[in-house]
Amino acid sequence: MGKLTILALRAVIAMVLAGSLFVQVWMVPLFSADLVEAGASDGPRIALLVIIVLGILCVQVVAVCVWRLLTMVRRGTVFSHGAFRFVDVIFGAVSVAALLMFAIAVLLAPGGIAPGIVLLICGAALMIGGVALLVLVMRTLLAQAVARDTEAAGLRAELDEVI
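Under numbering that gives the first Met the number 0, think of the first position of the sequence shown as 0, with each following residue one higher.
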């Protein structure tokens, strides 16, 4: 991966982190005030706000882990066992995000929300779950690459002994 690509991706990640922090600090309190004005009861309102904040936290965790993986790519150490920790955290955060999206659907289902909207939210939860499974597949590919790299290093060492 080229330096320009890594720099561009880091710029995007920095904007995502700044934007998500803005949403957590500024927009969520405004949304809470709007829900109070709309007459939402405290239980579902607080539950929805907690889900939103936790969802944003999942995005932030993924962004930080991708940043760390980019650092490993730049250093040439991404095909090591240290990368698994970050990939596992990404898998966990995306899985939690899928569950949180489904929780929003469950929260909205008994209310006066149209069933089609609830089904769309469930579809979004399913797609986010699919992303989690994609991360799991990528983890398996990383494991195979690390195994091949370890095997190649062993073969190089044997070849050096022969020479």
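For the record, the hints were derived by calculation from the structure and aren't laboratory data.
Just so you know, these numbers come straight off a predicted model, no measurement behind them.
The beta-carbon is built from N, C-alpha and C at its ideal position, and this holds for glycine as well.
Among the hints, erroneous ones may be present.
[To be verified] Only pairs whose alpha carbons sit at most 20 Å apart, straight line, appear in this in silico SDA-like list of lysine to any residue:
{"#": "1", "residue 1": "K2", "residue 2": "L68"}
{"#": "2", "residue 1": "K2", "residue 2": "L47"}
{"#": "3", "residue 1": "K2", "residue 2": "R74"}
{"#": "4", "residue 1": "K2", "residue 2": "R67"}
{"#": "5", "residue 1": "K2", "residue 2": "I50"}
{"#": "6", "residue 1": "K2", "residue 2": "W66"}
{"#": "7", "residue 1": "K2", "residue 2": "C64"}
{"#": "8", "residue 1": "K2", "residue 2": "V77"}
{"#": "9", "residue 1": "K2", "residue 2": "M71"}
{"#": "10", "residue 1": "K2", "residue 2": "G18"}
{"#": "11", "residue 1": "K2", "residue 2": "L48"}
{"#": "12", "residue 1": "K2", "residue 2": "V63"}
{"#": "13", "residue 1": "K2", "residue 2": "A62"}
{"#": "14", "residue 1": "K2", "residue 2": "L20"}
{"#": "15", "residue 1": "K2", "residue 2": "V65"}
{"#": "16", "residue 1": "K2", "residue 2": "L125"}
{"#": "17", "residue 1": "K2", "residue 2": "G54"}
{"#": "18", "residue 1": "K2", "residue 2": "S94"}
[Stated by the list, open to error] Distance ranges between label pairs, derived from CB positions:
{"#": "19", "residue 1": "D148", "residue 2": "G111", "range": "20 to 30 Å"}
{"#": "20", "residue 1": "V130", "residue 2": "V22", "range": "12 to 22 Å"}
{"#": "21", "residue 1": "I45", "residue 2": "L119", "range": "44 to 54 Å"}
Quick rundown of the hints versus the structure:
no.	hint	in the structure
1	K2 to L68	holds (14 Å)
2	K2 to L47	violated (40 Å)
3	K2 to R74	holds (11 Å)
4	K2 to R67	holds (15 Å)
5	K2 to I50	violated (37 Å)
6	K2 to W66	holds (14 Å)
7	K2 to C64	holds (18 Å)
8	K2 to V77	holds (15 Å)
9	K2 to M71	holds (13 Å)
10	K2 to G18	violated (24 Å)
11	K2 to L48	violated (39 Å)
12	K2 to V63	holds (18 Å)
13	K2 to A62	holds (18 Å)
14	K2 to L20	violated (27 Å)
15	K2 to V65	holds (15 Å)
16	K2 to L125	violated (34 Å)
17	K2 to G54	violated (31 Å)
18	K2 to S94	violated (30 Å)
19	D148 to G111: 20 to 30 Å	violated (56 Å)
20	V130 to V22: 12 to 22 Å	holds (20 Å)
21	I45 to L119: 44 to 54 Å	violated (24 Å)
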